[in-house]
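Peer 1: Sequence:
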Amino acid sequence: MKRLNSFISPGNHVSTTPYFEAIQLIERLHRYFLDVVKVELDRKGIQDINNVQAMILYNIGHDEMTVGELTLRGYYLGSNVSYNVKKMGENGYIEQERSVHDKRSIRVKLSDKGRETYKVLADMFVRHEDKIKGTELSPERINDSIKTMKMFERFWTSQSQFTGLASLDDEE
Numbered sequence: 001m002k003r004l005n006s007f008i009s010p011g012n013h014v015s016t017t018p019y020f021e022a023i024q025l026i027e028r029l030h031r032y033f034l035d036v037v038k039v040e041l042d043r044k045g046i047q048d049i050n051n052v053q054a055m056i057l058y059n060i061g062h063d064e065m066t067v068g069e070l071t072l073r074g075y076y077l078g079s080n081v082s083y084n085v086k087k088m089g090e091n092g093y094i095e096q097e098r099s100v101h102d103k104r105s106i107r108v109k110l111s112d113k114g115r116e117t118y119k120v121l122a123d124m125f126v127r128h129e130d131k132i133k134g135t136e137l138s139p140e141r142i143n144d145s146i147k148t149m150k151m152f153e154r155f156w157t158s159q160s161q162f163t164g165l166a167s168l169d170d171e172e
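For the sequence shown, full-length UniProt numbering assigns the number 1 to the initial residue and increments by one for each residue that follows.
Read the hints as simulated data drawn from the structure, not as lab findings.
Warning: the hint list may mix true and false statements.
[Unchecked claim] Cβ pair distances, simulated, as ranges:
#	residue 1	residue 2	range
1	R141	E95	35 to 43 Å
2	D102	F152	29 to 37 Å
3	S99	T17	40 to 48 Å
4	R43	D144	28 to 36 Å
5	H101	G74	19 to 27 Å
6	D48	K147	35 to 43 Å
7	Y83	D35	20 to 28 Å
8	R43	H101	37 to 45 Å
Quantities reported herein were computed from a predicted structural model and do not represent experimental measurements.
For glycine and all other residues, C-beta sits at the position ideal for the given N, C-alpha and C.
Kindly generate the complete structure, drawing on both the sequences and the hints.
Peer 2: The following block contains the structure:
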């Protein structure tokens, strides 16, 4: 009998469906990427920020935003953005100030130290893009992967919001 994540094939071998394999691959790639960020931070001797915090920092970039806006912009699996923002403030990576219009809302932006770490990550991304030039990871293949991931995103968003199956053919 087929199940969502696997099924028993003839000969009683458990097989994974392409859908579930894609889910596992996305999770694994996310973990590997965070490992790459951690290695880069270690290589640069940056010990007072973790890989998830570094990605939060990178998503702040040159902007100023609320913690809520930051949460919507990035995907920080298993992390508490408010806690991480607090720690980043304590370690001097971001500056925080209460919104003039809404005292409950805190606006954040990078400090000088945060901008230095942002540059470390930006340089890493450029270095990675240079390394993959001329490989099988062509811009076309990457763009095809992005389109597929956006289809998953639309599908899962529609499922989590109980709106049914979104059209996977719609472009964003």
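Peer 1: Against the structure shown, which of the earlier numbered hints fail to hold, in ascending order?
Peer 2: none
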